[in-house]
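Taken in order, these protein sequences are the chains called D and S. Take 2 as the starting number for the first sequence in the numbering used here and just add one per residue. Take 2 as the starting number for the second sequence in the numbering used here and just add one per residue.
It is worth saying that the hints were derived from the structure and are not from the lab. Please read these numbers as outputs of a predicted model, since none were measured by experiment. Treat each hint with caution, since some may be false.
The list cannot tell twin chains apart, which means a pair is met if one copy fits it or any two copies do.
[To be verified] Computed list of lysine to aspartate or glutamate pairs in EDC-like fashion (alpha-carbon distance at most 20 Å, straight line):
hint, residue 1, residue 2
1, K27, D154
2, K260, D154
3, K27, D87
4, K44, E12
5, K27, E161
6, K27, E259
7, K308, E136
8, K27, E12
Number of protein chains: 2
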Amino acid sequence: MTEVWEYYRLELVAVEDQIRQNLGSKVALVNTVAAHILNSGGKRIRPLLLILCARLAGYAGRDDVLLASLIEYIHTATLLHDDVVDHAEFRRGRRTAGGLWGNQVAILVGDYLYSKAICHIVGFRDQDVNECLSEACRKMAEGELMQLSYKDDASISEREYLKVVAYKTGSLIAAACRIGAVVADADPAFRDALFQFGQAIGVAFQVADDTLDYAAPRESLGKSQGNDLGEGNVTLPLLHLRRHCTDAERLRLAEVMEKKPNGNGELAWVVSLMERYGSIGYAMATARGFVRTAKVHLDLFEDSVHKRALQVVADYMVSRDH
Amino acid sequence: MTEVWEYYRLELVAVEDQIRQNLGSKVALVNTVAAHILNSGGKRIRPLLLILCARLAGYAGRDDVLLASLIEYIHTATLLHDDVVDHAEFRRGRRTAGGLWGNQVAILVGDYLYSKAICHIVGFRDQDVNECLSEACRKMAEGELMQLSYKDDASISEREYLKVVAYKTGSLIAAACRIGAVVADADPAFRDALFQFGQAIGVAFQVADDTLDYAAPRESLGKSQGNDLGEGNVTLPLLHLRRHCTDAERLRLAEVMEKKPNGNGELAWVVSLMERYGSIGYAMATARGFVRTAKVHLDLFEDSVHKRALQVVADYMVSRDH
Numbered sequence: 002m003t004e005v006w007e008y009y010r011l012e013l014v015a016v017e018d019q020i021r022q023n024l025g026s027k028v029a030l031v032n033t034v035a036a037h038i039l040n041s042g043g044k045r046i047r048p049l050l051l052i053l054c055a056r057l058a059g060y061a062g063r064d065d066v067l068l069a070s071l072i073e074y075i076h077t078a079t080l081l082h083d084d085v086v087d088h089a090e091f092r093r094g095r096r097t098a099g100g101l102w103g104n105q106v107a108i109l110v111g112d113y114l115y116s117k118a119i120c121h122i123v124g125f126r127d128q129d130v131n132e133c134l135s136e137a138c139r140k141m142a143e144g145e146l147m148q149l150s151y152k153d154d155a156s157i158s159e160r161e162y163l164k165v166v167a168y169k170t171g172s173l174i175a176a177a178c179r180i181g182a183v184v185a186d187a188d189p190a191f192r193d194a195l196f197q198f199g200q201a202i203g204v205a206f207q208v209a210d211d212t213l214d215y216a217a218p219r220e221s222l223g224k225s226q227g228n229d230l231g232e233g234n235v236t237l238p239l240l241h242l243r244r245h246c247t248d249a250e251r252l253r254l255a256e257v258m259e260k261k262p263n264g265n266g267e268l269a270w271v272v273s274l275m276e277r278y279g280s281i282g283y284a285m286a287t288a289r290g291f292v293r294t295a296k297v298h299l300d301l302f303e304d305s306v307h308k309r310a311l312q313v314v315a316d317y318m319v320s321r322d323h
Numbered sequence: 002m003t004e005v006w007e008y009y010r011l012e013l014v015a016v017e018d019q020i021r022q023n024l025g026s027k028v029a030l031v032n033t034v035a036a037h038i039l040n041s042g043g044k045r046i047r048p049l050l051l052i053l054c055a056r057l058a059g060y061a062g063r064d065d066v067l068l069a070s071l072i073e074y075i076h077t078a079t080l081l082h083d084d085v086v087d088h089a090e091f092r093r094g095r096r097t098a099g100g101l102w103g104n105q106v107a108i109l110v111g112d113y114l115y116s117k118a119i120c121h122i123v124g125f126r127d128q129d130v131n132e133c134l135s136e137a138c139r140k141m142a143e144g145e146l147m148q149l150s151y152k153d154d155a156s157i158s159e160r161e162y163l164k165v166v167a168y169k170t171g172s173l174i175a176a177a178c179r180i181g182a183v184v185a186d187a188d189p190a191f192r193d194a195l196f197q198f199g200q201a202i203g204v205a206f207q208v209a210d211d212t213l214d215y216a217a218p219r220e221s222l223g224k225s226q227g228n229d230l231g232e233g234n235v236t237l238p239l240l241h242l243r244r245h246c247t248d249a250e251r252l253r254l255a256e257v258m259e260k261k262p263n264g265n266g267e268l269a270w271v272v273s274l275m276e277r278y279g280s281i282g283y284a285m286a287t288a289r290g291f292v293r294t295a296k297v298h299l300d301l302f303e304d305s306v307h308k309r310a311l312q313v314v315a316d317y318m319v320s321r322d323h
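In isolation and in its complexed conformation, chain D is listed as follows (with noise of 0.2 Å):
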């Protein structure tokens, strides 16, 4: 993956330029607390992907850079509002926008990156791209509330968390792919293969995503671990090992859940049940069986150093150190 980064250096330098350059509200607050997220250490995985796909299918002009920088403005708005919706005071190991500046200001300038990536979205006057983002964003927001509704509930099924995962974080990993497709004015098909590349590839980020939670230890996420059991949410490993435990550990499980356990022994207890069950090998094997799919959309295209750069970023989306 370092490979990657450094082959496309020149591409993803001129996404930070135009990401800074986008911004330049005339009050001073937005410009601030915009900066904070927008370099808050972000991988820009998806205006990567964005460009990756657009040189992949043909594309050689500069739209894909401006394209690219307006779904990380998408991208940011939504995690300004999970991270109020999921009351986080840490992103990435950094203080988050609505710890460092009040809930307010995190919502109103999600909106604001929100509303300003579509101003300039529309200004390109493709009806592809304006469909496609703007249903990924109301996919996102549908999953999100989706999840909502599921927490605490340990009894929905694994098609019903996989439907989450999908809205929530497949949506706009596939736009991106899709809008690289369309920017290089692809076909159809291939619009609709790397659509589909992009929603496999957004699935297995999720699904590792996580399965670390459980896994990993603290400092390589910049994150604590078992946020999701804290905070209710009912992810892969959980569900599997509510599948394959003894009815003993069921009834202790859901009281462990409803007691909300944040980093104590409650927590030891439920991974290590999770590693002797092999939950945690279940869901990873899940979230690279994804990754597979997502590489057989790819066999539309002929070979080429994009292509192998896609299917290194596929690998890199189910590994620890995203």
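Place chain S on chain D using the hints.
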């Protein structure tokens, strides 16, 4: 105004039907919360204006009803976020969505309604509608952020205050009026005139609303008096008062603002000062001035029942009944 509601009753009923039809998320929580806020007794002023402007510009089709319902979605999304930002417990005498379901739900249903509206809007494939509405949304968020950054700052100018008002309230009303002209395929001059008309009555409405916050008894607006003083929002009557009161009064005013009074003797003292210096009268006169400006923009149009209805609505914006 009663006659106007009655004359356009069928159109407004169609808007209500459309508002209900558009909803239909598969997530029950979304429908419940959205229905709560969408049915909370809003006057549908923006939909009415869009329809009146469309008719004034000669439109006889049905697209105005759908667009009117989408404008109401966007307005509702901003109400949901504003109530979270303002820590509001009640709106028009009913509990807010944040109060009933938590701020998380209010934020996300706001995001959902907004992005759902954008999805429908881009389906119209009209560049003017796309640009006009995305600009309005950007300005609304920016206006709210300006207001937040001016909090507790009584040294802002009247010009700065009016810019906040134009952005946060004027822009969506202006967009509603312009879109009425767009749907009627009116000439640019007519589109601009209705945009300016909407902008001016929007400002008039907000200035009157801000003034009535000091003047209105609790019942009439379904909310308590002196909210802005308590929240540190500096509005026109306060700006006028600060400019005309004595140094000693200005000093005490600063102390009162610091303490954030809540319906106690200090608010009564501020209101009595405003009455003595004519601040409430001045602010209401300013609001009425914007109504006069608005009406001038209607000169472009020949006399008709729709034009007279728009003039009535313009006056209604600064009345105590809205």
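Evaluation of the provided hints:
1. In this assembly of identical chains, K27 and D154 lie within 20 Å of each other by CA distance solely across copies; the values are 17 Å between and 45 Å within a copy.
2. In this assembly of identical chains, the alpha carbons of K260 and D154 lie at most 20 Å apart only when taken from the same copy (14 Å versus 44 Å across copies).
3. Proximity of K27 and D87 under a CA criterion of 20 Å is satisfied in neither setting, with 30 Å inside one chain copy and 23 Å between copies.
4. For the homomeric pair K44 and E12, the shortest alpha-carbon distance inside one copy (14 Å) is at most 20 Å, but the shortest distance between copies (50 Å) is not.
5. In this homomeric assembly, K27 and E161 come within 20 Å of each other (Cα to Cα) only across copies, at 12 Å, whereas the closest approach inside a single copy is 44 Å.
6. Proximity of K27 to E259 under the C-alpha cut-off of 20 Å is found in neither arrangement, the shortest distances being 47 Å within a copy and 27 Å between copies.
7. Taking the shortest alpha-carbon separations for K308 and E136, neither the intra-copy value of 26 Å nor the inter-copy value of 37 Å comes in at or below 20 Å.
8. For the homomeric pair K27 and E12, neither the shortest alpha-carbon distance inside one copy (28 Å) nor that between copies (40 Å) is at most 20 Å.
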